[in-house]
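Just so we're aligned: the sequence shown equals residues 161 to 501 in our numbering.
These are calculated hints, taken from the structure and not from any lab test. Keep in mind that the hints are not guaranteed to be accurate.
Said to hold, decoys possible - Pairs of lysine to aspartate or glutamate residues, derived as EDC-like cross-links and limited to a Cα-Cα distance of at most 20 Å, are as follows: (1) Lys440 - Glu361; (2) Lys167 - Asp274; (3) Lys167 - Glu265; (4) Lys222 - Asp281; (5) Lys440 - Glu391; (6) Lys475 - Asp360; (7) Lys475 - Glu312; (8) Lys383 - Glu265; (9) Lys406 - Asp304; (10) Lys475 - Asp304; (11) Lys440 - Asp360; (12) Lys475 - Glu487; (13) Lys475 - Glu361; (14) Lys383 - Glu487; (15) Lys440 - Glu473; (16) Lys477 - Asp304; (17) Lys383 - Asp304; (18) Lys383 - Asp274; (19) Lys475 - Asp228; (20) Lys477 - Asp360; (21) Lys167 - Asp211; (22) Lys406 - Asp388; (23) Lys406 - Glu265; (24) Lys477 - Asp388; (25) Lys440 - Asp304; (26) Lys167 - Glu487; (27) Lys222 - Asp172; (28) Lys222 - Asp360.
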Amino acid sequence: MKLATYKDGSRDGQLIVVSRDLRLACYATGIASRMQQVLDDWSFMAPQLQDVYTQLNAGRAKHVFAFDASQCMAPLPRSHQWLEAAAYPSHLALTQPQWPLSVTEPTMRQGAGDSLVGACDEVVLGSAAMGIDFGAGLAAVTADVPMGASAEQALYGIRLLMLSNTFSLRQLMPSAPGHAWGNVQSWPAVGLSPVAVTVDELGDAWRGGKVHLPLHTSWNGRKVGMCDAGEDMAFHFGQLIAHAAKTRTVHAGSMVGTGVVSNVGATTGKASSRRTDWPKGYHSIAEKRAMELQQSDVASTGYLQFGDTVRVEMKNKDGLSIFGAIEQTIVSPLGEGSSAS
């Protein structure tokens with residue numbers, strides 16, 4: 161099924177059920193008013209919501225209205241915790257080559273679960289001089305996962321999946337290994353897709369705890385990334401969640417992100433004139449700048465400016481949007497860059 165949260169003037173919004181084609185929706189009236197309620201009592205409420213979803217797709221649901229992604233908050237507006245991993249070693253190899261990569265455990269950092277931004281909301285950031293970057297990926301919302309759970313057990317703890325866009329301030333990141341992932345000021349906000357989905361909505365694209373579909377990222381209307389989210393993911397969602405639960409219980413409503421989706425580059429040419437290209441593009445500007453340094457010794461692409469827009473979307477094999485699109489504009493605290501300014 162597909163779920164979202166509509167704005168209603170409150171911090172936690174109003175839970176809605178969304179049709180598979182993202183055209184229609186209805187309120188989850190009489191079942192739950194907020195997403196966290198469902199996550200806290202999933203075994204009781206999820207079957208009821210599934211019934212509503214079935215009726216909605218069959219054209220038999222009551223009080224149906226046209227779904228509008230611009231009215232969505234983040235599907236879970238406030239999370240108990242936001243954790244983000246570096247599930248794609250190719251991203252770290254490009255952007256932080258000095259980082260000691262592990263083949264047995266993912267790198268993971270604690271982020272701000274109270275800074276989850278709706279898919280079409282403006283993203284307010286302090287200064288363009290701080291090196292504003294985007295970082296497109298995916299995220300899972302968990303059930304209660306006990307401390308010490310195995311990767312296989314943790315996979316069963318996935319309740320919902322969605323797209324994520326983690327905004328970072330690159331100029332505030334220390335260059336020394338071991339510090340960049342722990343700098344709180346460097347990670348001010350996370351944007352999430354309008355809709356969260358259960359894994360069965362992905363069909364055969366959900367294999368081995370990974371989503372085997374291309375992720376599409378555009379910057380000011382120009383497509384810059386289309387990496388396959390499953391291809392070079394070194395740690396699947398079960399492994400990520402198990403890592404988070406290694407020394408503590410992960411409670412229902414926690415969110416675990418993959419980090420920036422990234423595919424390995426292709427190296428061609430003879431030894432004396434080798435060149436690496438990344439035909440599937442990039443999902444963060446830091447990656448693009450690292451690619452430029454390798455190819456021409458000059459990082460020419462600048463970071464985001466106020467008024468820039470980033471769009472992130474994933475489509476199924478039939479070309480239909482699964483989660484809806486994140487489409488956010490960067491603005492200053494004074495409104496610079498806003499469409500209303």
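Verification of the supplied hints:
no.	hint	in the structure
1	Lys440 - Glu361	25 Å, violated
2	Lys167 - Asp274	16 Å, holds
3	Lys167 - Glu265	38 Å, violated
4	Lys222 - Asp281	29 Å, violated
5	Lys440 - Glu391	12 Å, holds
6	Lys475 - Asp360	15 Å, holds
7	Lys475 - Glu312	27 Å, violated
8	Lys383 - Glu265	32 Å, violated
9	Lys406 - Asp304	13 Å, holds
10	Lys475 - Asp304	29 Å, violated
11	Lys440 - Asp360	27 Å, violated
12	Lys475 - Glu487	15 Å, holds
13	Lys475 - Glu361	12 Å, holds
14	Lys383 - Glu487	13 Å, holds
15	Lys440 - Glu473	15 Å, holds
16	Lys477 - Asp304	32 Å, violated
17	Lys383 - Asp304	38 Å, violated
18	Lys383 - Asp274	30 Å, violated
19	Lys475 - Asp228	18 Å, holds
20	Lys477 - Asp360	15 Å, holds
21	Lys167 - Asp211	24 Å, violated
22	Lys406 - Asp388	28 Å, violated
23	Lys406 - Glu265	11 Å, holds
24	Lys477 - Asp388	13 Å, holds
25	Lys440 - Asp304	36 Å, violated
26	Lys167 - Glu487	17 Å, holds
27	Lys222 - Asp172	24 Å, violated
28	Lys222 - Asp360	24 Å, violated
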